[in-house]
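Could you build the full structure based on these sequences and the hints that come with them?
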Amino acid sequence: TQLLEQSPQFLSIQEGENLTVYCNSSSVFSSLQWYRQEPGEGPVLLVTVVTGGEVKKLKRLTFQFGDARKDSSLHITAAQPGDTGLYLCSGNQFYFGTGTSLTVIP
Amino acid sequence: GAVVSQHPSWVICKSGTSVKIECRSLDFQATTMFWYRQFPKQSLMLMATSNEGSKATYEQGVEKDKFLINHASLTLSTLTVTSAHPEDSSFYICSASPAPSYNEQFFGPGTRLTVL
Numbered sequence: 125t126q127l128l129e130q131s132p133q134f135l136s137i138q139e140g141e142n143l144t145v146y147c148n149s150s151s152v153f154s155s156l157q158w159y160r161q162e163p164g165e166g167p168v169l170l171v172t173v174v175t176g177g178e179v180k181k182l183k184r185l186t187f188q189f190g191d192a193r194k195d196s197s198l199h200i201t202a203a204q205p206g207d208t209g210l211y212l213c214s215g216n217q218f219y220f221g222t223g224t225s226l227t228v229i230p
Numbered sequence: 013g014a015v016v017s018q019h020p021s022w023v024i025c026k027s028g029t030s031v032k033i034e035c036r037s038l039d040f041q042a043t044t045m046f047w048y049r050q051f052p053k054q055s056l057m058l059m060a061t062s063n064e065g066s067k068a069t070y071e072q073g074v075e076k077d078k079f080l081i082n083h084a085s086l087t088l089s090t091l092t093v094t095s096a097h098p099e100d101s102s103f104y105i106c107s108a109s110p111a112p113s114y115n116e117q118f119f120g121p122g123t124r125l126t127v128l
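The listed protein sequences correspond, in order, to chains W and B. For the first sequence, our numbering puts the final residue at 230, and the numbers step up evenly by one. For the second sequence, our numbering puts the final residue at 128, and the numbers step up evenly by one.
A hint or two may mislead.
Claimed, not checked - Here chain B is said to cover these stretches of chain W; the calculated rule only asks that three of the stretch's residues, wherever they fall, bring their Cβ under 8 Å from a Cβ of chain B: (1) 165 to 171; (2) 218 to 225.
Stated by the list, open to error - Here are the computed distance ranges between Cβ atoms for each label pair: (3) W:V174 / B:C25: 40 to 48 Å; (4) W:S136 / B:T126: 25 to 33 Å; (5) W:E141 / B:E34: 39 to 47 Å; (6) B:E71 / W:G206: 27 to 35 Å; (7) B:G28 / W:N142: 49 to 57 Å; (8) W:S136 / B:W22: 22 to 30 Å; (9) W:H199 / B:K32: 40 to 48 Å; (10) W:P230 / B:K67: 47 to 55 Å; (11) W:N216 / B:L80: 20 to 28 Å; (12) W:L169 / B:W22: 22 to 30 Å; (13) B:S66 / W:N142: 41 to 49 Å; (14) B:L128 / W:P205: 33 to 41 Å; (15) W:G206 / B:G73: 31 to 39 Å; (16) W:V174 / B:L128: 44 to 52 Å.
Claimed, not checked - Pulled a few chain W residues facing chain B out of the computed Cβ check, cut under 10 Å: (17) L128; (18) Q130; (19) Q133; (20) F134; (21) Q157; (22) Y159; (23) Q161; (24) L210; (25) L212; (26) S214.
These aren't lab readings, by the way, just hints derived from the structure by calculation. Glycine included, C-beta positions come from ideal geometry on N, C-alpha and C.
Dropping the structure here:
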């Protein structure tokens, strides 16, 4: 099993603040995915990164894949209450990180 | 497109009984389906990989005789939790990978199992 550690595990912030979630591993991945999951639902894919150093933007979300393809970060600018959820990174599709539970307070 | 459904969405059963959960790809053919388990506020743990027409491949620590997986067609996989116990209570999620692509998976909405 390839371990992916996410930090922080829990995060509660005010609307409008910025935040960064980290996903770290000692393993090298050919691809890394970020998902958002709401309670009682399945995860929804946000992005896939495949190239070391790659940066992808999705509206207020910025995803970066580490140069060595062992880690990744998710930065949210001006968080909204609709961003609330469980954020999961996944290496090579099937091995999920420990998760970051984000709550954005209006 | 790429919709995956699960049935039932929630189930409550008595200890010792068996429960079957269905996972269907509604608008594509899925050569491979995956079953995950998720405890409250925790991440997804891959239980097994299911290929159409062949035996499932189980992750280390997952009892294959307890969690029976059948993938009889390109659109349907089933997970049967046999002789369920309270510790089997969890959120079970399936995903499906479109044939012939193995590079993406689409998740079902999950099934909440509660064993009394």
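Query raised in the report: Which numbered hints are broken by the structure, listed smallest first?
Result: none
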